[in-house]
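Fit chains Y, X and E to the given chain U structure using the hints.
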Amino acid sequence: MTSPPGAHLPEHPDFLWDNPEPKSSYDVVVVGGGGHGIATAYYLAKVHGITNVAVLEKGWLAGGNMARNTTIIRSNYLWDESSGIYEHSLKLWEGLEDDLGYPILFDQRGVLNLAHSLQDVRDSVRRVNANRLNGIDAEWVDPAGVKEICPIVNTSPDVRHPVLGATYQPRAGIAKHDYVAWGYARAAHALGVDLIQNCEVTGLETVQGRITAVETSRGRIAAGKVALCAAGHSSVLAKMVGLRLPIASHPLQALVSELLEPVHPTVVMSNAVHVYVSQAHKGELVMGAGIDSYNGYGQRGSFHIIEQQMAAALELFPVFARAHLLRTWAGIVDVSPDASPIVGLTPVGGLYLNCGWGTGGFKATPGVGDCFAHTIAHDKPHPFNEPFTLERFTTGALVDEHGAAAVAH
Amino acid sequence: MSFRTDTGGAIDRNTLLRFTFNGVEHTGHPGDTLASALLANGVHEIGSSVKLGRPRGVVAAGSEDPTSLVQVEAPFSEPMLLATTVELYDGLVARGLAGQGKLSSEPDPARYDAKHEHCDVLVVGAGPAGLVAALTAARSGARVVLVDEQNQAGGALLGVDEYLDDRPSAEWVADIVAELKSTPDVLVLERTTAFGMYQDGFVLALQKRTDHLGFAAPASVARQRVWRIRTRQTVLATGAHERPVVFADNDRPGIMLASSARTFLHHYGVLPGSRAVVFTTNDSAYCAAIDLAESGVDIAVVVDARPEAPARLAAECAARGIEVRAGQLVTGTEGPGRVTAVQVGDDRIACDALLVSGGWNPVVSLFSQARGTLRYDAELGAFVPGRELATVRVAGSATGELDLTACTRQGRDAGAGAAAAAGFTSGSQVPLPASDSRCTARSGLVLWRVPGNDDASFVDLQRDSTVADVLRATGAGLRSLEHIKRYTTIGTAHDQGKTSGMIAAGIVAEALGVELSEQRPTTFRPPFTSVSFAALAGRDRGDLHDPVRVTSIHPWHVQHGALFENVGQWKRPWYYPQPGEDLHAAVLRECRATRESVGMMDGSTLGKIDVQGRDAGEFLDMLYTNMMSNLKVGKIRYGVMCGVDGMVIDDGTVIRVGEERYIVTTTTGNAAKVLDWMEEWLQTEWPHLDVHCTSVTEHWATIPLVGPKSRAVLAAVAPSLDVSNEAFEFMTWHDTEVAGVPARVCRISFSGELAYEINVTAWHGLAVWEALMAAGERYGITPYGTETMHVLRAEKGYPIIGQETDATVTPQDLGMSWAVSKKKPDFIGKRSFARAENNRSDRKQLVGLLPVDPAVLLPEGSQIVETDRLPEPPVRMLGHVTSSYPSAALGRTFALALVRSGHERIGETLYVPVEDSLVPVTVTESVLYDKEGARRDG
Amino acid sequence: MTVSPLAAWRDRLAALAPVLDVAEVPFRSQLTVRVSDPDAIAAMGATLGVLFPSAACTFTSGTGRFGDVEVLWLGPDEFLVTASPGLRVTIEEVLRGALGTVRGSVVDTSAQRTTVVLQGAQGREVLAHGCSVDLHPAAAPVGTCVQTLLARTGIVLQVTGEDTLTVLVRSSFAEYFAAWLADACTEYLAVP
Amino acid sequence: MQLIPCPWCGPREEAEFHYGGQAHVAYPGDPSALSDEEWARYVFFRENPSGPFAERWSHNAGCRRWFNAVRDTRTHDLLAVYRVGEPMPEVTA
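Here the protein sequences line up with chains U, Y, X and E, keeping their order. Residue numbering for the first sequence follows full-length UniProt numbering, starting at 1 and increasing by one per position. Residue numbering for the second sequence follows full-length UniProt numbering, starting at 1 and increasing by one per position. Residue numbering for the third sequence follows full-length UniProt numbering, starting at 1 and increasing by one per position. Residue numbering for the fourth sequence follows full-length UniProt numbering, starting at 1 and increasing by one per position.
Just chain U, with the same shape it has in the complex (with noise of 0.2 Å):
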């Protein structure tokens, strides 16, 4: 018998990073060995030459939010500024294989976000058209169009809440999300920065307003300055400057199938019923849940919320009805107000943070790990974090995301 397709994924490389002791002080401590904290770090040492640079993970590299993503990367935001920080990132998602050296799987099958109703429709179309005038490839196809670029969809006008159309990115896809972090720790490791795990950051110490420190659960690590990227234990660590933000944890569930034979050639997602889905490239389907609606640090979810997703899904995709999952996770997402994300210096000289990203992290790792590594040299946001800063809280400048990404992502 053949092997199937799919089946053979890159191997990953001989050697990815040494463990080294932390030292006793680094120019950049990047708090949060996760896709952020890691890509930061690299872009620090790549193009700021900064490479005293210790990134500090309290468990394993890249097992938080980054090991536990749908791994969807597009960048059809709305708003002018978001769309700028997610084609950003997209556009060096498009270079990172060759930049990384490491076979990121990033593929371009496109992505459809599907209109349930006449409002979905405005709204798609807005979308569409902002995108196009911001530069971004984005197409509004009709339900024909639907069922060409994704057969097993199903268009059928009779069902409760019919596909009525869909925007289209047709450069957006997936990428294999533990090739991307460990390309990024390789890469990273090779410019001399130190990944140090299982360190548990426990205390930033401060002096006249200005950062000197971090307190580890592996002992006191001096530090010119500190980036935080926690995502869903910003909240935690920000307190310990007495910084309060404006974001609340959730948990956000996902799941995959077994394998199965190639049945789904794109990404679709739809925020009306609540289902992301693609088809990994081993052939599993991995679909995300809506966010369960409390705070929570545990790393699980609610099962009904899960129950309620199998039955959406099935709607859209009968043909899933035998499909069977395999396994479920959750992972902390940190949600602020509108659902855009916050990147900047903070009142605490030093000290910079990045959080809030909700569901829209992973597709941004290249593109806020560059912005924020330039943030940290330079003291001063890159022009694409500019306008996520904490202070638009209280100007009211938001920048409110929910209808790009109220559930899905």
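Honestly, I wouldn't trust all of these hints.
As the list claims (entries may be wrong) - In silico lysine-lysine, DSS-like type, Cα no more than 27 Å apart, as pairs:
1. K147/U - K102/Y
2. K239/U - K58/U
3. K571/Y - K147/U
4. K635/Y - K931/Y
5. K102/Y - K51/Y
6. K830/Y - K635/Y
Unchecked claim - Sample of chain U residues with no beta-carbon within 10 Å of chain Y, all distances over it, derived:
7. P22
8. S24
9. T51
10. N52
11. K91
12. E94
13. G145
14. P170
15. V207
16. G209
Note that these hints are calculated values from the structure, not bench results. The C-beta atom is built at its ideal place from N, Cα and C for all residues, glycine as well.
Positioned in the frame of chain U, the structure of chains Y, X and E alone reads:
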């Protein structure tokens, strides 16, 4: 050649079942699994491995099997099932898989459902420990649920021929099951796998109810059911899985776990081959060797990795002529497919089966899901449950205990403890059985692998992951088991590492030179075994997917050919096309009829909330941006609601019914949200206010009657009502009778026309609607839907919440500063209006747009730019088109839009990119029709 | 002249026998009462000839000048008074009178929900397919009244007899409820 | 799925409840007296602890009453429920 024994096994030898596997017809018996039937026919090669394409067979007899993946093709195609868990039925068609299944393109005709169950004690696993636990709890009077994944109770006892209390164990099992089934409030669920354990005693279990019936499965019976069990106490008697030892070429078909071979013998009457080698690290495999030898299998040798073989068992082997070699290892096997020989030391021993035992792994998945901590038991070489949880007990071999009597004692203690914790005192004690078992699994040697060709030493047979892969991962710098799992993909396949996970952890610990007690095992995630998507969706599909809400007048709309728009869960008439009409034609007709004569619509879906109490006015003053407390009884006022952030969240009318009573309306989509919003403020912030809110949305049917002839129509059906403009002013209401039915009539207008809104109890809705139709016939009364309603209001510049607003729009942006009170000291959202961003001059504001070419219809959602040529992206956008229609009244197209500094731009020409062109448009005020309001009074 | 929400379902519901005898009881008089003052509650009860329920998740019944009346506990200060058709206007007036100037409210919600009676030994079983509340007779004895979810709709569920359940469902969800119930009975009808 | 003990109806499934975020965030007495920063704090900023958290729930599909709960956000264990207006009880996580 048949490998079926002459006697024994829980199969019905008198009945023959025909089935087809990989295109070849075979036979089996009721009681077989697909795997046992294939093995009985000498078929060991089931499928092939996903990466390397190596043949794969049957390793284990149950749900832990890592390799026997099949696609069932008939009666209905289903991917990725284990041959060891597919019960055989007549006509089964299946094929082996290469690690990847295929979804049917046909719709699944089966039913699925779910059921809630509540109990005091849930016991998972009907092996000896679970049975005793369940019976002990049942005798205490507790409500007990016992679930077990197999088609009959017995657990590990099904795989042995041991005697309990001097009689066949099956009899002991049957007695307990019989007592359980005859005890009130005890539910025994077979073929039911507890697959997920959640917070507060919530356990999900999947029952396979008709799969085993094959073609005979009744269509009306749910094929699978998800049991949502809420239990106070749980006893996990989930047993243990035997684990293999890794050695070179350990992946060939014919290489099987020793206890599984024993299960195939005793439960199915199937021999694993003709000549077998047994390779073990502990005593338990000796019984497999002895039992199989007694059933006619030539046991070539028992290879015991321990330096010394157990004397008594070795003697029993000797008595049967079975050679035992202690202190030796299996170092390799030969193929090409199914095993033909094994290498033991320097000896090549021909065989067609290799039975392996590397010890036992307690099944701790559910315990771990319940957040129980695990502890490494060095003697057992496995993770075992650590501290007990307050509501979860573990009993039997799931604890690592492998002696049967001790397991049942644990079961009894756990059953009694669980019942006591749930408030029940124990009944008569369940006696513990005495076993005649000769083999215990303790005193084993912990051996993960035999050194050899690492590239062919498979740790995860389904993922084709080898020892070499593990060593490459540790060599790459990886330390965490989670990283190594991802690097090697061990444990990520269909079996989720049930047999491979522990071994991988052991090999990693050896490679890194660390103690396993220091390693954190990878997380056990639900589900324990895979669950079909359809089972999880249950009955929430098709017509039952999402409730369709309909009004009392709905049947009329259906009868009269309305097309419907989904608004939330409601079905609302969108428009009523006449033969040959499309949307535009129908809407132009409906609009024209309404503006020129009279139209009406079903407005029953509007949210309606009765607000009563001494402080009702004060309360509404806080919720709405404008003043409601000074509204006179008998009058009506339009109101806007904002969130605390100052953004518009809803609008509607407020009518004052009495000094202390108002009825407010909400938009259709926000009815529940607004009531919740009110309750939240009342209950959590202002409990001192004397106000009560009650939803009356569905109590009332609401019919807007609209157009210059509406007065005449109303007069015809409401003879006791003075409908004159003087007696019945705009924004007032009257209680009267309409068509002989008590009604409340409000004079409000969402179209600019003379209009009335007639409210009657929903029971009367249809009759009153029909009466209005009859009374209006002479005026050509025209029913209209949401689309016409949208056009009529847009011509007047009235916004629709959710269409003109998107959570970033203030009342001021909508040009509704008139509805924002300057007098009130506070209302929700007021403070936000003072923020910097709210006072920018370039906020987006609601305006009208008139395409310079009056025939051009702007697509809704179009963006608006300043220049007649597009610069390179990113292009500065000024706003977007929120609504756009052809207008019968205006004789042209028009649009509403949110435009940056829109109020200042009136008269300017802007551009709307449509496809590849730029459409010039003139910015106007948002009110385009009857700016003077002359039509309001008819 | 009047049409109840499940009028079109009468035959389909009747066809669920012998599993369950299901019938809509249309046009019941229903008043939502919000009150917490004990004296006012007593006065209202006296007027109707029924004691208001004092325990959460229960209902009471009695007979007085309005015939058989039930009072359902819906919340700590919220009750639903139900009675035969045609009495809603009078009962509303009477209750308002009994409430007097005390803090509270009385609202006619008669057409807001419709009433469906399910009779048969398997009623609790059938509802357990969609209702997460424990319906075991020990946990939900006669006199129980819970507001909860049934599959995807809210319901008020009264245990009105050993084998009798009364469901009040919002009028717009009534057809969904009926469809769900009929579907849930499929298997019970096929496999007696 | 959590089993949430409604102070009135007793334990019910989480699906019957609506989550309301942090408890004890009072609406300011005089919003107009607040600075933009202070107002933003009220509107947008909430505690987000990893551990015991006093929060609001509404028994939406049941008695429709709001109540408060202390829940450990790490384990989702409900440590206490109490009625609106009652002080937060002492709990041990």
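Structure-based check of each hint:
no.	hint	in the structure
1	K147/U - K102/Y	holds (20 Å)
2	K239/U - K58/U	holds (17 Å)
3	K571/Y - K147/U	holds (25 Å)
4	K635/Y - K931/Y	holds (23 Å)
5	K102/Y - K51/Y	holds (17 Å)
6	K830/Y - K635/Y	holds (25 Å)
7	P22	holds (15 Å)
8	S24	holds (23 Å)
9	T51	holds (19 Å)
10	N52	holds (20 Å)
11	K91	holds (13 Å)
12	E94	holds (17 Å)
13	G145	holds (15 Å)
14	P170	holds (16 Å)
15	V207	holds (33 Å)
16	G209	holds (25 Å)
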